[in-house]
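Asker: The primary structure of each chain is shown beneath.
Number of protein chains: 2
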Amino acid sequence: MRMNEMVTPAPQGLKRLGRLLKAPEFFVTRESMQMSRDDRRDFMRKAFLAAGGAAGALAPIASASAQAAPEGDPNILKLPEHSTGLGAPVASTGYGSPSKYEANLQRRESPGLTRVGAASVSFAPLQGFFGIITPSGLHFERHHQGWWDIDPTKHRFMINGLVKQPKVYTMDDLMRMPAVSRIHFIECGANTGMEWGNVAVPTVQYTHGMISCCEFTGVPLKWLLDDCGADWKRGKFVLAEGADGSSMTRTINIENVMDDVLVAWGMNGEMLRPENGYPLRLVVPGVQGVSWVKYLRRVELGDKPYGTKDEVLHYVDLMPDGTHRQYTSIQEVKSVITSPSGGQVLVDKGYFNVTGLAWSGRGKIRRVDVSFDGGKNWKQARLETPVLDKCLTRFNIDWTWDGRDAILMSRATDSTGHVQPSVSQLRAVRGTRSIYHNNKIQSWLVKANGEVSNVQVG
Amino acid sequence: MRMNEMVTPAPQGLKRLGRLLKAPEFFVTRESMQMSRDDRRDFMRKAFLAAGGAAGALAPIASASAQAAPEGDPNILKLPEHSTGLGAPVASTGYGSPSKYEANLQRRESPGLTRVGAASVSFAPLQGFFGIITPSGLHFERHHQGWWDIDPTKHRFMINGLVKQPKVYTMDDLMRMPAVSRIHFIECGANTGMEWGNVAVPTVQYTHGMISCCEFTGVPLKWLLDDCGADWKRGKFVLAEGADGSSMTRTINIENVMDDVLVAWGMNGEMLRPENGYPLRLVVPGVQGVSWVKYLRRVELGDKPYGTKDEVLHYVDLMPDGTHRQYTSIQEVKSVITSPSGGQVLVDKGYFNVTGLAWSGRGKIRRVDVSFDGGKNWKQARLETPVLDKCLTRFNIDWTWDGRDAILMSRATDSTGHVQPSVSQLRAVRGTRSIYHNNKIQSWLVKANGEVSNVQVG
Chain D
1 MRMNEMVTPA PQGLKRLGRL LKAPEFFVTR ESMQMSRDDR RDFMRKAFLA AGGAAGALAP
61 IASASAQAAP EGDPNILKLP EHSTGLGAPV ASTGYGSPSK YEANLQRRES PGLTRVGAAS
121 VSFAPLQGFF GIITPSGLHF ERHHQGWWDI DPTKHRFMIN GLVKQPKVYT MDDLMRMPAV
181 SRIHFIECGA NTGMEWGNVA VPTVQYTHGM ISCCEFTGVP LKWLLDDCGA DWKRGKFVLA
241 EGADGSSMTR TINIENVMDD VLVAWGMNGE MLRPENGYPL RLVVPGVQGV SWVKYLRRVE
301 LGDKPYGTKD EVLHYVDLMP DGTHRQYTSI QEVKSVITSP SGGQVLVDKG YFNVTGLAWS
361 GRGKIRRVDV SFDGGKNWKQ ARLETPVLDK CLTRFNIDWT WDGRDAILMS RATDSTGHVQ
421 PSVSQLRAVR GTRSIYHNNK IQSWLVKANG EVSNVQVG
Chain H
1 MRMNEMVTPA PQGLKRLGRL LKAPEFFVTR ESMQMSRDDR RDFMRKAFLA AGGAAGALAP
61 IASASAQAAP EGDPNILKLP EHSTGLGAPV ASTGYGSPSK YEANLQRRES PGLTRVGAAS
121 VSFAPLQGFF GIITPSGLHF ERHHQGWWDI DPTKHRFMIN GLVKQPKVYT MDDLMRMPAV
181 SRIHFIECGA NTGMEWGNVA VPTVQYTHGM ISCCEFTGVP LKWLLDDCGA DWKRGKFVLA
241 EGADGSSMTR TINIENVMDD VLVAWGMNGE MLRPENGYPL RLVVPGVQGV SWVKYLRRVE
301 LGDKPYGTKD EVLHYVDLMP DGTHRQYTSI QEVKSVITSP SGGQVLVDKG YFNVTGLAWS
361 GRGKIRRVDV SFDGGKNWKQ ARLETPVLDK CLTRFNIDWT WDGRDAILMS RATDSTGHVQ
421 PSVSQLRAVR GTRSIYHNNK IQSWLVKANG EVSNVQVG
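Protein chains in written order, with the numbering used here: chain D, 1 to 458; chain H, 1 to 458.
Since the hints were derived computationally from the structure, they do not count as laboratory data.
Some hints could be false.
[What the hints assert, rightly or not] Listed next, the in silico DSS-like pairs over lysine-lysine satisfying Cα-Cα at most 30 Å (straight line):
(1) 222/H / 222/D
(2) 167/H / 349/D
(3) 78/D / 309/H
(4) 379/H / 78/D
(5) 349/D / 154/H
(6) 364/H / 376/H
(7) 100/D / 78/D
(8) 222/D / 379/H
(9) 100/D / 364/H
(10) 309/D / 309/H
(11) 364/H / 167/D
(12) 167/D / 78/H
(13) 233/H / 167/H
(14) 167/H / 154/H
(15) 154/H / 100/D
(16) 167/H / 309/H
(17) 222/H / 349/D
(18) 164/D / 78/H
(19) 100/D / 100/H
(20) 349/H / 164/D
(21) 349/D / 164/H
(22) 78/H / 78/D
(23) 154/D / 349/H
(24) 78/D / 164/H
(25) 167/D / 349/H
(26) 364/D / 364/H
(27) 233/H / 154/D
(28) 379/D / 379/H
(29) 154/D / 100/H
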């Protein structure tokens, strides 16, 4: 993936992606609230009138009586059908879906990012997410040779290498083993990769949308390796291999394996989705997504890094001196404000709940600071609970916009003391020609006309 | 809902609901594993042969070379299409769905439970769930007059009663307010209601499936009441009212409001599903589901309980002396083993990972003990993390079945010291004629032939 392949025009309608499209008043101000409160008082007065003027009684939000007033009386608010009719029965949707009014919130491919959609990315719509759990239907996708819906009764998982007894497991074998469940983020190493240059991708979906966060269930890989009689003295690395046509292969450090790597089948309470590796994937908390091998068919225990195509040619960091850093797989401390964010429009000045996500591949989020003036002043944001290891953390902070140009930034600090770097701090070490592992502080410019855009500041 | 309406025949195929239907070998034994390991060794030998006999080399799970062996050679395992072909492109599913192989895992109505499906229940398939997060597409449903997909731009939410300034909010007004996100369970007060009699409902989906657990996002109700100038001296209760035709109304204690009640729009990272109250519902952690009013349109602050139809006629507990207990809304400490559970079949003796869920409306789960002999001996189960307030907690415990009749039970203890009661302890206080608030210890009988069924023990 070359940099100029990543510079793509914004898809039609991108400027108002997300919640704003269907709810243009999402950002209203104190003034407009005050105005609409006047409207509301009038509305309520009418509602009370319709209820017989019984102010102080239990006034329904709209109480219409056919006898009380003639058809068309402006003081009578017609009750909506859902307040009078019989709704749909239970279990009538089969497997449930979002409201039809949410149809715009979709994962989206960046057209032209890669040559074929089977070796591409779809970005998760972070601007419309709440909390930390990613809905499985909106989990980002990254395929190297397309996705499959593999028959789990035919899938096999092999462990070999430095073990006494190589074994092949069926899904049934695995799923009867002692399982653990953990909530973790997964982030593609190339997330925010377009920001290495001076390319300002327009929306948070496209800058940071290669991240998701789910509850995963599976058996710890170390238990499976024990089951095969692992040679823990010689075994220092494992190779993970996928069953899809790309034969994705990645080296995983034994320290990760001993810590928290899972051979997982469960995601957000149910089986993995086909796009995310059904029926089996590796979960490598804190490590870039490419190592979370999908359609997992084999793990080999070895005594050295494997130097596979996907870690020697790809997912390496090009340094200013022209060398490549390999095996830089940990996703360092990072955060982003998801609302307001690029492409959204603030309709007027006043109060806003500014919200975003923070994470670190090294541990928990300790704090998030937010600046509304391009990094001059910082205020500490509220963190929602639970705050978990190698997991997204939702932050919220109050902001009253005075209507002038403003630059919004968030800066996360993790439990190891790592602080998210500014663009210039990151570039001083890493240069500008990388693709992967960009955890710089993200800046959103709010212009006086309310438009929000991506800028490189700090 | 009368008790005899709740005694319904098992739907066709119920005995083998869930994972067993599509994965008949889910419960295999050490013996059968040993046998299949022999098969596997043979399989691997063939794989190694096909790879050129290079034992010890990096043997793919099935390495076929067209040149190495003629078509039809039994030593050659044909690679599946997904290992050679080009899969589907990203973003090709739209909003994602589970694998076609998971189509059997559905929420299900108990036919005949109520007279119309619009005033009924669909049960969540707990036997197939992992971890604590309920997939939104499988969240249980309980409607009193059917479900609706309400246009959020037209929905209004009013606060009135003992407040200085009654207000009507749009969804946009609410969603710009300071939000919090929390993971909580929601359980219908009637969950496990059929167990009050000597009715043994066959599966855990039907005994305990009126529970789900999601991450909710919304604005604390106390902040909204403050926004309206609540009279906190006189205001001791709130009334919550839904916009659907049932006009669901429930009284909520002010202590709950001050603690953690939310006016919520977010569920598992996205907007609420239509079946679960889109675009707005009340979240009342620890309290029975009926109080989590869906399609929330009004909250009134008052100085006494409201005595509405849904809390005077329904959701009351019939005591042995013939009186009714009202306003018993907290869901007490409870747990259930979800696998193995009724309707599943253990194909042979040997090792099993026994797993289940525990929860308490009063706080966190402190411990779960499991018995494999009908309550004579108890062992402490492993709790998965995070263990959260008023939230499901997943437990796991090892079991080696000797092939004889066994009775499996789980007993939860919460952070306040409450211990889940046995059937006889609960009946000694509550009698047998209630519908709601049954938190007895659940027992599953495993017969020597492997069949698991629901029994009342202890």
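Asker: Output the numbers, in ascending order, of every earlier hint that fails for this structure.
Answerer: 1, 4, 9, 10, 11, 22, 27 and 28
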